[in-house]
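So in numbering that gives the first Met the number 0, spot 92 of the sequence shown is number 91, and the numbers just go up one at a time.
Think of the hints as simulated: they come from the structure by calculation, not from any bench.
Here the structure is a predicted model, which is why all the values come from computation and not from measurement.
We put the beta carbon where it would ideally sit given N, CA and C, even for glycine.
Any given hint could be a false lead.
Using C-beta positions, here's what the derived DEER-type ranges look like [what the hints assert, rightly or not]: (1) Gln116 <-> Ile37: 30 to 38 Å; (2) Arg156 <-> Pro69: 41 to 49 Å; (3) Pro273 <-> Glu36: 22 to 30 Å; (4) Thr272 <-> Gly92: 15 to 23 Å; (5) Glu36 <-> Lys256: 40 to 48 Å; (6) Gly261 <-> Arg72: 21 to 29 Å; (7) Glu36 <-> Ala91: 17 to 25 Å.
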Amino acid sequence: MAGVTEFQEIGREWLVGDGDGDGDGGAARPPADLRPEIPHPARMYDYYIGGKDNFPADREAAEKVLAISPMVRISALANRAFLGRAVRHLAAGGIRRFVDIGTGIPSAGNTHEIAQQVRPDARVVYLDNDPIVLVHGRALLSGTTPESTAVVQADLRDPAGILAAPEVRQALDSGEPVGLLLVAVLHFIDEQDDPYAIVRTLVDALPSGSRLVLSHGTLDFTPTADAARGPAVYRNASAQLTMRSRDQVLRFFDGLKLTDPGLVTAPLWRPDTPAEPTDSQVGIWSGVAEKP
């Protein structure tokens with residue numbers, strides 16, 4: 000994975016291109032405004048999980064959050080591990096088409112890497128509305144084929160736009176079950192944008208037998224005195240947090256059949272190693288469910 004310097008060079012390539020506005024003769028690229036002086040949730044998450052694609056403002060904001068709750072780093076790492084186990088589970092069960100929305104900055108163990116280890120014919124569509132993430136996605140996928148992996152600019156707040164994207168339509172129109180991944184993204188959607196309607200719209204469009212993979216931040220295990228302090232740090236970032244309780248997260252799975260062990264904290268979803276005493280207190284609710 001490229002570091003910040005290489006990241007900036009990639010961003011400039013997207014901005015400057017090769018004279019025809021697209022950088023490599025393909026489709027036009029979105030602008031890559033890095034805004035290094037403003038904390039960015041994707042770069043903060045990258046810092047939590049040990050990445051190097053972050054700036055001083057991101058690290059400063061992330062350290063403020065960690066000072067309030069050291070469990071945030073544990074939760075971020077647990078969420079990443081959940082993603083890997085869930086994708087592996089779906090691929091092993093026959094799913095070979097994946098739609099990953101709100102992907103964040105690529106890191107080790109990306110969806111297409113895991114899925115294609117199990118099923119070499121797996122196809123993955125990544126969608127994100129963030130130019131920073133899209134810059135990284137383009138760099139990550141430079142060695143892959145468009146038939147196997149694609150990166151699309153789209154906003155989760157516009158599910159109709161997501162469903163209209165040709166790459167997504169190709170996955171849905173195949174009639175095969177699809178793995179829809181909404182991993183650690185819905186807590187960036189506040190109530191006024193009706194996250195439940197967004198998820199319902201996306202799930203309704205999936206073929207029967209598709210799976211929803213979802214994780215969501217929670218304050219269920221955070222002391223009351225600290226509950227507002229962590230999210231407050233994000234008010235100065237480029238996106239804010241709306242944390243939800245287990246019951247609120249469970250609503251996203253209405254009408255679907257939860258896979259065992261149901262909705263649990265991230266480390267407890269089909270763990271590869273014996274559970275630790277603190278695993279039940281990790282602030283990420285995680286689950287996988289099947290559409291009838």
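Status of each hint after checking the structure:
1. Gln116 <-> Ile37: 30 to 38 Å: holds, 36 Å
2. Arg156 <-> Pro69: 41 to 49 Å: For Arg156 and Pro69 the Cβ distance comes to about 32 Å; the hint is violated.
3. Pro273 <-> Glu36: 22 to 30 Å: violated, 44 Å
4. Thr272 <-> Gly92: 15 to 23 Å: Check passed, 22 Å falls within 15 to 23 Å.
5. Glu36 <-> Lys256: 40 to 48 Å: Holds: the Cβ-Cβ distance is about 46 Å, inside 40 to 48 Å.
6. Gly261 <-> Arg72: 21 to 29 Å: Holds, since Gly261 and Arg72 (Cβ atoms, about 25 Å apart) stay within the stated range.
7. Glu36 <-> Ala91: 17 to 25 Å: violated, 44 Å
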